[in-house]
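Visitor: Letter by letter, the chains look like this.
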Amino acid sequence: MKVNGQQVALKQGQTLLVFLTAAQYDCRTIAVERNGVIVPKAEYESICLEDQDTIEIVRFVGGG
Amino acid sequence: MQVEINGNKREVAGRTAFEVRDWLGAASDIVILNGFQIDKDYPLTAEDTLTIIRKGVMPEREELASMMAARHTPAVHKKLQQGRVAIAGLGGLGSNIAVMLARIGVGHLLLVDFDIVEPSNLNRQSYYIRHLGMPKTQALQEQLTEINPFIQIETRTVRVTADNVVELFSDYPILCEAFDKPDAKAMLVNTALQKLPGVTIVASSGMAGYASSNLVKTTHPLKRLYMCGDLETGAGIGTGLMAPRVQICAGHQANMILRLLVGREEI
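For the record, the sequence lines run as chains A and B. The opening residue of the first sequence carries number 1 in this note's numbering; numbering runs sequentially from there. The opening residue of the second sequence carries number 1001 in this note's numbering; numbering runs sequentially from there.
Keep in mind that the hints were calculated from the coordinates and are not lab data. Here a beta-carbon is modelled for each residue, glycine too, at the ideal position from N, C-alpha and C. It is possible that part of the hints are untrue.
What the hints assert, rightly or not - Here are a few chain B residues that face chain A, going by a calculated C-beta distance under 10 Å: (1) Asp1029; (2) Leu1044; (3) Ala1046; (4) Ser1205; (5) Gly1209; (6) Arg1224; (7) Met1227; (8) Asp1230; (9) Leu1231.
Claimed, not checked - No farther apart than 30 Å at their CA atoms in a straight line, the calculated lysine-lysine pairs in the DSSO-like style are these: (10) B:Lys1079 with B:Lys1217; (11) A:Lys41 with B:Lys1181; (12) B:Lys1079 with A:Lys11; (13) B:Lys1181 with B:Lys1078; (14) B:Lys1217 with A:Lys2; (15) A:Lys2 with B:Lys1055; (16) A:Lys41 with B:Lys1223.
From just these sequences and the hints, can you work out the full model?
Guide: This is how it looks when you write it as structure tokens:
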């Protein structure tokens, strides 16, 4: 699948939450778009990623 | 032939820009032709907007409006006057963005913040000693009214939560995320993108410290989300927030908002 413009090898049957945790994202400070649609946080756990998915992950750091 | 002069259509009878200045004012007056201050004479055509400003003289209210608008290209100014922008968070980013949007004449601003002005805000936020202890909404509204009395400003002194995002922002097609805490930024962006189908968000991430100015940029990572900042440098112990970089980021956000208001969606 494609993550932030890069091709990434997908492990079989991985949920979005498992992928994000393995990639060390803090789910409280990100927004995720899957195939052009924003993913509600409550669905991170139930979404099974697929090879043809395009994922964009935005991470916020503090300051303003 | 009629030309718009200081907000009113007037017959110029073949006069050039400087001939009109000498006719209505004095040779030392500032002359602005279609948004540009001129120092050599030009002929006038019917589409022209001419502004003649006497230095050091307080104009009447209506004349002031056209003088203030003189630096904007007329077609741009009309689009900005119709613009509606909500700013969530009135700290180093939000207060400076609001000042810029007021200066360029964005017609409708919503200012949202729950907090009051503290001494530690003054290193980067658009507030003064006299504002200490005041709600930021009120302190900022006061300044904006002094900068541009011709725009409408709405304020809400509340904390933004997932439960009030729709109620607060549904009337504003452009939402500026200007919070400080990363979880609050993410909450606003996630909630607004899910619940406000028409909204475009201009958000920020990474502007602490004094690393190169040139690392701060505007990006367009999600369909209805623009992000400004270096995307890396969070505020932390030993990496404080300082006026220059925070204002560079605020400038990126304000310029992206301006671009969206005139119909430019590319970064």
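Visitor: Each hint should be assessed against the structure and marked as holding or not.
Guide: Here's how the hints hold up against the structure:
no., hint, in the structure
1, Asp1029, "violated (42 Å)"
2, Leu1044, "violated (47 Å)"
3, Ala1046, "violated (47 Å)"
4, Ser1205, "holds (5 Å)"
5, Gly1209, "holds (9 Å)"
6, Arg1224, "holds (8 Å)"
7, Met1227, "holds (6 Å)"
8, Asp1230, "holds (9 Å)"
9, Leu1231, "holds (8 Å)"
10, B:Lys1079 with B:Lys1217, "holds (25 Å)"
11, A:Lys41 with B:Lys1181, "holds (18 Å)"
12, B:Lys1079 with A:Lys11, "violated (50 Å)"
13, B:Lys1181 with B:Lys1078, "violated (35 Å)"
14, B:Lys1217 with A:Lys2, "holds (23 Å)"
15, A:Lys2 with B:Lys1055, "violated (60 Å)"
16, A:Lys41 with B:Lys1223, "holds (18 Å)"
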